[in-house]
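Peer 1: Position chain B relative to chain A; hints supplied.
Protein chains in written order, with full-length UniProt numbering: chain A, 1 to 178; chain B, 1 to 157.
Any given hint might turn out to be false.
[What the hints assert, rightly or not] With the C-beta cut set under 10 Å, the calculated list includes, among others, these residues of chain A facing chain B:
id, residue
1, Val11
2, Arg126
3, Thr136
4, Gly137
5, Thr176
[As the list claims (entries may be wrong)] Counterexamples of contact, computed for chain B against chain A with all Cβ distances above 10 Å:
id, residue
6, Gly7
7, Leu8
8, Val31
9, Gln49
10, Ser52
11, Pro59
12, Leu60
13, Asp63
14, Ala87
15, Phe92
16, Leu94
17, Leu101
18, Leu121
19, Ala148
20, Ala149
Source of the hints: derived by calculation from the structure; they are not laboratory data. A virtual CB, placed ideally from N, CA and C, is assigned to each residue, including glycine.
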Amino acid sequence: MRRLAFIIPVVLFLMVAAALGLGLRRDPSILPSMLIDRPIPTFDLPGLTPEDTVGLASSDFTGKPVLLNVFASWCVACVIEHPMLLRLQAQGVTIHGLDWKDEPAAGAEWLAQRGNPYTLIGSDPRGRTGIDFGVTGAPETFVIDGHGRVRYRHVGPITPEVWTEILQPMMDRLETET
Amino acid sequence: MRRFVLGLFCALLIAGPVAAVLPEEQLADPVLEARARAISQELRCVVCQNQSIDDSDAPLAADLRAIVRERLSAGDTDEEVMAHIVARYGNFVLLKPPLDLQTILLWSAPLLVLIPGGLGLALYLRRRSRAGAADPTPLSAEERRALAAILKTGDAP
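Chain A on its own, in the form it takes in the complex:
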């Protein structure tokens, strides 16, 4: 009984410490996506300039797995991410772009200066499509499978580590799935 009265608080403390310790390793500011394994929201967005006859629509996400990258000309971290996107495009990865809460002309200018890594681009100046995706900021990247379902959401720039450790294995797996 005496010994139990000593052991119980120690065990309780270790449990709480372990739970809090695990909590420290997570970034609480990154929200889980509500769309994992669910179909993408329906949308049909125009392109960035009046000359762009094709924009981006939810019906474009069929056939093979693609990345949907949320960017904007006001987004500082997007500048950091941009060379990585160009490299991925050169490797044959299909990336669609969502110009989120941005002047379409400013987005077009931004891409003209830096190069366009995107196959299709949708302009979302009011940000509603991004909100339907649960976007909390730019850049964000969604992995969308060949059936138009969201499989993963990455918050922040795609670094080489994020690509080789998370996104590339996932894309390879989805490729064999379809």
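Peer 2: Below, chain B without anything else, positioned relative to chain A:
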């Protein structure tokens, strides 16, 4: 100087919390607007995460405030508006999270702490009062002499 500090203090007293809702965002119907304000105060801003969207100046919070007002104007109930936002950002945006499997530990934490703590305290108090009630051993003749000497001199031997 003192008057300045006092003035500063008084200024702080009248400076209440100011919401971020801009006049042009507000609905003309005061009843709908009041409902929109109440809902916005329950929804967490996903950018500055410890503010409600009613308090936050983040552009995304303004968008969400606009969506809340659009849904209300379209005839949604308060619950439907909440569900619309939760469908996009999850239960995390509710400043009062609902009781479900994920939050059961959070909601039961006060009980989990209070019940064992109360039991422990009750046990301890009962044991102590029982110990106090038992007859103390009386002082021996020698101890009584020593005590009398201490009381007389006010000094330990």
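Peer 1: With reference to the structure, classify each hint as holding or not holding.
Peer 2: To see whether the hints hold, each was checked on the structure:
no.	hint	in the structure
1	Val11	violated (13 Å)
2	Arg126	holds (8 Å)
3	Thr136	holds (4 Å)
4	Gly137	holds (7 Å)
5	Thr176	violated (30 Å)
6	Gly7	holds (39 Å)
7	Leu8	holds (34 Å)
8	Val31	holds (26 Å)
9	Gln49	violated (6 Å)
10	Ser52	holds (15 Å)
11	Pro59	violated (7 Å)
12	Leu60	violated (7 Å)
13	Asp63	violated (5 Å)
14	Ala87	violated (6 Å)
15	Phe92	violated (5 Å)
16	Leu94	holds (12 Å)
17	Leu101	holds (15 Å)
18	Leu121	holds (14 Å)
19	Ala148	holds (39 Å)
20	Ala149	holds (39 Å)
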